[in-house]
Amino acid sequence: MPLLNSSQRHRVGFSLNGHSVEGDAEPRVLLTDFLRHEIGATGTHVGCEHGVCGACTVTVDGMLTRACLTLAVQIEGCDVRTVEGLATAPDRLSILQAAFRRNHALQCGFCTAGILMSLDAFLREVPTPAEDQIRDLLSGHLCRCTGYTPIVRAALEAAAELASRQPAVQSHHV
Amino acid sequence: MQKSAATSYAKPSPEGPWVGRSIERVEDGALLTGRGRFIDDLGVDTGTLHAAILRSPHAHADVLSIDTVTARSVPGVFAILTGAEIKACTASLVVGVKAPVECWPIAVGRVRYVGEPVAVVVASDRYKAEDAVDLIDVRYAVRPAAVDPLSSIAPLAPLLHDGFPGNIASDRHFRYGDPEAAFAGAVHRVSIDIRYPRNSCTPIETYGVVAAYSPSDDAFDILANFQGPFSIHAVISRALKVPGNRLRLRTPPDSGGSFGVKQGVFPYIVLIAAAARMAGRPVKWIEDRLEHLSASTSATNRATTLSAAVDSNGQIRALDWDQIEDCGAHLRAPEPATLYRMHGNLTGAYDIRHLAVRNRVVVTNKTPTGLNRGFGGPQVYFALERLVQRIAVELGLDPLDVIRRNLVPSDAFPYRTASGALLDSGDYSAGIDLGAGEGGLDELKRRRDAARAQGRLYGIGYAAVVEPSVSNMGYITTVLTPAERRKAGPKNGAQATATVAIDPVGAVSVHVASVPQGQGHRTVISQVIADIFGIAPAEVRVNTEVDTAKDAWSIASGNYASRFAAAVAGTTKIAADRLAARLARTAASQLNIDVSDIVFRKGRVGSATNPDNSLSFSRVAALSHWSPGSLPDDVGQTIRETAFWTPPQLTPPDDEDHINSSLCHGFIFDFCGVEVDRITGAARIDRYVTMHDCGKILHPAMVEGQIRGGFGQGLGAALLEEFCYAPDGSFLSGTFADYLVPTATEIPEPIIVHMETLSPFTPLGAKGVGEGNCMSTPVCIANAVADALGEKDIELPLVPAKLAAFIHGEEIAAPASMRISPPPAAKSGERNLHGEGRERIDAAPAAVWAMLLDPNTLQTVIPGCHSVEKISDTHFRADVTIGIGPVKGPYRAEVKLSDLEPPHAVTLAGFAEGVLGFGSGQGRIILTPDRDGGTTLDYKYDAAIGGKVAGIGGRLLDGAARVVIAQFFASLARHAGGGNEPSGGLLSKLRNLVRRRQ
Numbered sequence: 001m002p003l004l005n006s007s008q009r010h011r012v013g014f015s016l017n018g019h020s021v022e023g024d025a026e027p028r029v030l031l032t033d034f035l036r037h038e039i040g041a042t043g044t045h046v047g048c049e050h051g052v053c054g055a056c057t058v059t060v061d062g063m064l065t066r067a068c069l070t071l072a073v074q075i076e077g078c079d080v081r082t083v084e085g086l087a088t089a090p091d092r093l094s095i096l097q098a099a100f101r102r103n104h105a106l107q108c109g110f111c112t113a114g115i116l117m118s119l120d121a122f123l124r125e126v127p128t129p130a131e132d133q134i135r136d137l138l139s140g141h142l143c144r145c146t147g148y149t150p151i152v153r154a155a156l157e158a159a160a161e162l163a164s165r166q167p168a169v170q171s172h173h174v
Numbered sequence: 001m002q003k004s005a006a007t008s009y010a011k012p013s014p015e016g017p018w019v020g021r022s023i024e025r026v027e028d029g030a031l032l033t034g035r036g037r038f039i040d041d042l043g044v045d046t047g048t049l050h051a052a053i054l055r056s057p058h059a060h061a062d063v064l065s066i067d068t069v070t071a072r073s074v075p076g077v078f079a080i081l082t083g084a085e086i087k088a089c090t091a092s093l094v095v096g097v098k099a100p101v102e103c104w105p106i107a108v109g110r111v112r113y114v115g116e117p118v119a120v121v122v123a124s125d126r127y128k129a130e131d132a133v134d135l136i137d138v139r140y141a142v143r144p145a146a147v148d149p150l151s152s153i154a155p156l157a158p159l160l161h162d163g164f165p166g167n168i169a170s171d172r173h174f175r176y177g178d179p180e181a182a183f184a185g186a187v188h189r190v191s192i193d194i195r196y197p198r199n200s201c202t203p204i205e206t207y208g209v210v211a212a213y214s215p216s217d218d219a220f221d222i223l224a225n226f227q228g229p230f231s232i233h234a235v236i237s238r239a240l241k242v243p244g245n246r247l248r249l250r251t252p253p254d255s256g257g258s259f260g261v262k263q264g265v266f267p268y269i270v271l272i273a274a275a276a277r278m279a280g281r282p283v284k285w286i287e288d289r290l291e292h293l294s295a296s297t298s299a300t301n302r303a304t305t306l307s308a309a310v311d312s313n314g315q316i317r318a319l320d321w322d323q324i325e326d327c328g329a330h331l332r333a334p335e336p337a338t339l340y341r342m343h344g345n346l347t348g349a350y351d352i353r354h355l356a357v358r359n360r361v362v363v364t365n366k367t368p369t370g371l372n373r374g375f376g377g378p379q380v381y382f383a384l385e386r387l388v389q390r391i392a393v394e395l396g397l398d399p400l401d402v403i404r405r406n407l408v409p410s411d412a413f414p415y416r417t418a419s420g421a422l423l424d425s426g427d428y429s430a431g432i433d434l435g436a437g438e439g440g441l442d443e444l445k446r447r448r449d450a451a452r453a454q455g456r457l458y459g460i461g462y463a464a465v466v467e468p469s470v471s472n473m474g475y476i477t478t479v480l481t482p483a484e485r486r487k488a489g490p491k492n493g494a495q496a497t498a499t500v501a502i503d504p505v506g507a508v509s510v511h512v513a514s515v516p517q518g519q520g521h522r523t524v525i526s527q528v529i530a531d532i533f534g535i536a537p538a539e540v541r542v543n544t545e546v547d548t549a550k551d552a553w554s555i556a557s558g559n560y561a562s563r564f565a566a567a568v569a570g571t572t573k574i575a576a577d578r579l580a581a582r583l584a585r586t587a588a589s590q591l592n593i594d595v596s597d598i599v600f601r602k603g604r605v606g607s608a609t610n611p612d613n614s615l616s617f618s619r620v621a622a623l624s625h626w627s628p629g630s631l632p633d634d635v636g637q638t639i640r641e642t643a644f645w646t647p648p649q650l651t652p653p654d655d656e657d658h659i660n661s662s663l664c665h666g667f668i669f670d671f672c673g674v675e676v677d678r679i680t681g682a683a684r685i686d687r688y689v690t691m692h693d694c695g696k697i698l699h700p701a702m703v704e705g706q707i708r709g710g711f712g713q714g715l716g717a718a719l720l721e722e723f724c725y726a727p728d729g730s731f732l733s734g735t736f737a738d739y740l741v742p743t744a745t746e747i748p749e750p751i752i753v754h755m756e757t758l759s760p761f762t763p764l765g766a767k768g769v770g771e772g773n774c775m776s777t778p779v780c781i782a783n784a785v786a787d788a789l790g791e792k793d794i795e796l797p798l799v800p801a802k803l804a805a806f807i808h809g810e811e812i813a814a815p816a817s818m819r820i821s822p823p824p825a826a827k828s829g830e831r832n833l834h835g836e837g838r839e840r841i842d843a844a845p846a847a848v849w850a851m852l853l854d855p856n857t858l859q860t861v862i863p864g865c866h867s868v869e870k871i872s873d874t875h876f877r878a879d880v881t882i883g884i885g886p887v888k889g890p891y892r893a894e895v896k897l898s899d900l901e902p903p904h905a906v907t908l909a910g911f912a913e914g915v916l917g918f919g920s921g922q923g924r925i926i927l928t929p930d931r932d933g934g935t936t937l938d939y940k941y942d943a944a945i946g947g948k949v950a951g952i953g954g955r956l957l958d959g960a961a962r963v964v965i966a967q968f969f970a971s972l973a974r975h976a977g978g979g980n981e982p983s984g985g986l987l988s989k990l991r992n993l994v995r996r997r998q
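Protein sequences, first through last, are from chains A and B.
Mapping to our numbering: the first sequence position 111 is 111, numbers consecutive.
Mapping to our numbering: the second sequence position 422 is 422, numbers consecutive.
So here's chain A without its partners, still in its complex pose:
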């Protein structure tokens, strides 16, 4: 890693949801602030800035990451995925997102981006999860609205649908 000057802004180039983007950041700038206010990707939310609430969860090179505990300069050259990249087209929802809507698995929607990112990555690793596994994964996220059960149901439904090998693209309109 190059030596960075704390008082200077550094160019950070990375891939965001498959598109090359770049922006400038001081070494101390958090990835959350960088994504939201420099890059303009505001779908990733900030709930606690100490890694507990999970609202800011993204993936960096495939690894689930708390963006609030990551510095922007750390993602130079990385593949970053956020909630904006989950659906295959602007007017569609992914199978997981559609299951959330059907099951009323969100209310205010503030924590939802992080939960979707965690579940999306988890269901790739564990295609046929048990409810306990889903709840265990979700314990890394705080939701104050739903009481979690509809989220668990949505995740199980999405897992079943993904496992049944339906075409990955859904016809739901946003």
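It is worth saying that the hints were derived from the structure and are not from the lab.
All figures in this text were calculated on a predicted structure; none of them were measured in a lab.
Check before you lean on any hint, since a few could be wrong.
Said to hold, decoys possible - With beta-carbon atoms standing in for the labels, derived distance ranges: (1) B:Ser-73 with A:Ser-15: 37 to 45 Å; (2) A:Asp-132 with B:Ala-453: 27 to 35 Å; (3) A:Ser-20 with B:Ser-73: 35 to 43 Å; (4) B:Pro-760 with A:Val-126: 49 to 57 Å; (5) A:Pro-27 with B:Gln-922: 53 to 61 Å; (6) B:Glu-756 with A:Ser-20: 50 to 58 Å.
Said to hold, decoys possible - Stretch-level coverage of chain A by chain B, calculated; a stretch enters the list once three of its residues show a Cβ under 8 Å from a Cβ in chain B: (7) 49 to 62; (8) 82 to 88; (9) 149 to 161.
For each residue, glycine too, the CB sits at the ideal point set by N, CA and C.
Chain A is already provided as a structure; the job is to place chain B on it using the hints.
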């Protein structure tokens, strides 16, 4: 835990009305794809500056000086505002009781709670603003703090405000019926003492404000994720010294949860607006989590003594309430509303005609309180339903029999309670039968019996709760005496507004001033409109943002008191019905049929008897734009209709202090089975059943969403959540690792049962449902735990340590060989340290003594010390940097020596303060000569940590502080040429400490 929820409402047919169906939400598409528009997602005007707030580390202190010179020199800093500047351009926030006190959004001369704003820095970005905050030098003179509500009103307690003698802001007695005679004639008197803790529903999105001021118009334009009530608009405009029409207050399209909490953003609206005015630029401020947990707002904590006069069969003849409400450091609007919101409902679901009440409102050195889901309900029902359980225990009756015996009779509705609430409708005993039947109470009792037969600790708890909704805006005036009310003029009602508009192509738009934070208002409104106009919900566009410069609104606007379904959705129906009546007359004239034959169906307006004779809805709807002359003469326009609705039942308090505090009253019957682990004390919810009657169900999935969400927060309050304060008022719960919010592994799925008894007082027959489980669940779980353990004094939250103490008695100290250091303070919430240690030094006591008094030596041996200044022979001042893991900060330390016995013993008293907090301590050092000409140095200390560091993971910091203290003496010993080998850096010591504790 059973996974499936029993439901008793019928699914409507696809051909039936849209209201009552769980359609997908119109809100969700954007929220699921990262296109929500929360306040921090929205762009700001070019030139907008960013604010950061310096906050008090002390619960109670005089502000001696604020030095901002260094901070102002930070590049990018535009302005730094302290209490003096803010006071110069604003007026005090109005206080809800008649008393000579002021209430500012920032400390003016004195801080009264940890986290109270002391200065606002406005800079070109947030990072620079925070840099400057760290460079502001504030000198405080600490005062003793009043933290507990009972001790704050004791004689000689520290006083917060001269205008609140004895820290009492209000003390009122009420009497309804003849409680004295009822108590005198009763067979039994059953009493309970309750301490309801401090907690908050803590939304995941924090507060946000963007404010701009135009000097040419003398007007403010403010965007804030405020939630109402908009009565607060009047408070803000008065504080900013502009008429209401020069305060434009807007809300963003999306808000990340509130649960009442975002009402508490209003002092920050005043603060940031004043900063924008003084900086001459728009200013944005987004609160961080530590700020939110420590200093936004919270529910009130309350000490209650409740007594009942009871017949031998368990019938309650009278209640005697003594409530001491802790509103924190300032009585902010609308407080003391938490105490009076339930005033009409102090008899709960019960038919009790005699009532005595004493209500005291007290101030303490804690964060000011405000709206919070349940708002007064959790505090009242915890006392009332614990009392009902105690009546059963003390009289040897079944708790459910006591509940049933006292219920308001099914044929008594509408029922006027002793203190004045008009219970609109209900069938409480039928609700209990339904809940007990569908929730499997008999089977649960068998599970309990089987568990107990195996020696397990298993209990069943009940709660019967009346859930008020749609607040009377006048209930808060019950805190005033009738004479004071007469002088102030009447306050009552609950104006709701809705505007339905039709555009030139016949498309329907709706605006309501409801400011949702995730409740799906736009979806439900679209269902209500779709049924009236015979169109699909997807064809209706609904806007729920508020812009006070352009929209229809009133003081009751906003999202609180569960008023949406009952009041706002109902008012939308009224507005749409009016338009539909005029459209029907227009269509009747176009189709040449009688208006009574007109129906709106499937996008058409036409004859009910001759389906072929119809026009498209959009054609009829657009006519008023394109051809007003085609409308029947007296129809007027069909372009836009705004309805205002306030229920006539919401009258002001009368001269005998009767108050109909709310319009609607739902009914909840909860029961649960809880097992307490004999070893760990952990409470496990085996089954939770919650029966709701919220009147007409507009959207079943959303109703269940409200129930589950409220249940989750109620469960958090019961088992996990508490804002902890140290005895000196230090705040100890500043992170989500300290303030524990339940996760998916802690919240089981409740069994939800519904019944629908329509409200006769609301347009749709709906009642509120959002707050009920925050009222019923904490006490239901507490009753089950009380039943499991056979205990009376159950205090929330029911953490395992507390329950284990019931089972095992107080914890026995670990054997000495297992101790890493003297045992940490056992008392919950205390952040005090006690410790002792010994070092051997290769120097005689006289030499060591000289070193201890020498600034140069001290500078060398104090960890992280930059300089030591000798003020006198026994008084030193030092600048040190102490780092604990990643948390590193500068501190200014004062050390004074006393009780000097040269060269044998000395007492060191120190106080260190920095941006991260403060620590104080006192230690006795004893020097004993040893045989080899050296010295054995023994030390003992007591220390306390406060401020920001105490709120963010104090457990870690205790250990770190011990390490720093030990390091000082080890370093002293090394300096003299002796002591132990250094055992690595602070980090490795910390690591060892943590490892040993696991």
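Status of the hints after comparison with the structure:
no.: 1; hint: B:Ser-73 with A:Ser-15: 37 to 45 Å; verdict: holds, 40 Å
no.: 2; hint: A:Asp-132 with B:Ala-453: 27 to 35 Å; verdict: holds, 28 Å
no.: 3; hint: A:Ser-20 with B:Ser-73: 35 to 43 Å; verdict: holds, 40 Å
no.: 4; hint: B:Pro-760 with A:Val-126: 49 to 57 Å; verdict: holds, 52 Å
no.: 5; hint: A:Pro-27 with B:Gln-922: 53 to 61 Å; verdict: violated, 41 Å
no.: 6; hint: B:Glu-756 with A:Ser-20: 50 to 58 Å; verdict: holds, 56 Å
no.: 7; hint: 49 to 62; verdict: holds (count 5)
no.: 8; hint: 82 to 88; verdict: holds (count 5)
no.: 9; hint: 149 to 161; verdict: holds (count 4)
Against the hints set out earlier in the document, a violation occurs for number 5 only.
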